[in-house]
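Asker: Sequence:
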Amino acid sequence: MHRCFVVISMAWLAGACADPDSPPALDAGVVDPPLRAVTVTVEARRLPMADVPVFTSTADGRFIAEGVTDAEGKVTLMGGATATALALDTRTAPIGDDDEVRLELTQIDPPVPSSTWAIDIATPPPPNLGLRLVTPCYRGSVDVPSVDSTSVTGEGCGRTETLGLVADGTLGDTHLARATSVAGAPARFETWHGIQPIEITAHVS
Numbered sequence: 277m278h279r280c281f282v283v284i285s286m287a288w289l290a291g292a293c294a295d296p297d298s299p300p301a302l303d304a305g306v307v308d309p310p311l312r313a314v315t316v317t318v319e320a321r322r323l324p325m326a327d328v329p330v331f332t333s334t335a336d337g338r339f340i341a342e343g344v345t346d347a348e349g350k351v352t353l354m355g356g357a358t359a360t361a362l363a364l365d366t367r368t369a370p371i372g373d374d375d376e377v378r379l380e381l382t383q384i385d386p387p388v389p390s391s392t393w394a395i396d397i398a399t400p401p402p403p404n405l406g407l408r409l410v411t412p413c414y415r416g417s418v419d420v421p422s423v424d425s426t427s428v429t430g431e432g433c434g435r436t437e438t439l440g441l442v443a444d445g446t447l448g449d450t451h452l453a454r455a456t457s458v459a460g461a462p463a464r465f466e467t468w469h470g471i472q473p474i475e476i477t478a479h480v481s
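According to the working numbering, the sequence shown is numbered sequentially starting from 277.
It is possible that part of the hints are untrue.
Said to hold, decoys possible - Think about it this way: if two alpha-carbon atoms lie no more than 16 Å apart in a straight line, the pair counts; the simulated EDC-like pairs of lysine to aspartate or glutamate are:
hint	residue 1	residue 2
1	350	396
2	350	336
3	350	319
4	350	375
5	350	376
Please keep in mind that the hints were generated in silico from the structure rather than gathered at the bench.
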């Protein structure tokens, strides 16, 4: 008696039935959320980053879609498990259950243009070794030549908020004055507050 064996290619069946618009089947044991529209926000020090390439991936790292952020640092893509921003430094983060993800970069390119702040030091600070204007910009403070200075120019970030004037002194003898920057008027510094050092004790096991 003769026996006949019929071999059916499962790979052929899978190829014949698969949706050509869907990503390849996941490997066993990998759980991936369904594809859906996700919103990716890219920022650097809380400022939106435009024109940053972004792509989404599956849980096992396969490419899904790509796009570029707009002026608000946002882009909407079809997504799966993670989103990645490609800039001077690369960031990858999981996409949340709300179909959103925020990627925080550490560098801004190109650098922001300079700004000029009008200041009025109405009350001279206590004895000090130097003055620094602390602005809302992320790059720190700007040196103030003297108490007679009427304006200071430094790197700006398009924000006009509370300004701080620091009178640097010896340890425990530094003072701070605050003023609100108002368009068309100098920021007026009148009241000084002492800044005292604090001691922090940490126990690391």
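Asker: State for each hint whether it applies.
Answerer: Here's how the hints hold up against the structure:
Distance hint between residue 350 and residue 396 is unfulfilled; the C-alpha atoms sit about 39 Å from each other, more than 16 Å. Taking the CA atoms of residue 350 and residue 336, the gap is near 24 Å; set against the 16 Å cutoff, the hint is violated. Taking the CA atoms of residue 350 and residue 319, the gap is about 9 Å. The hint holds against a cut of 16 Å. Annotation: proposed proximity of residue 350 to residue 375 holds, straight-line Cα distance about 13 Å (limit 16 Å).
For a cut-off of 16 Å, the pair hint linking residue 350 to residue 376 stands: about 10 Å separates their Cα positions.
Against the hints set out earlier in the document, violations occur for numbers 1 and 2.
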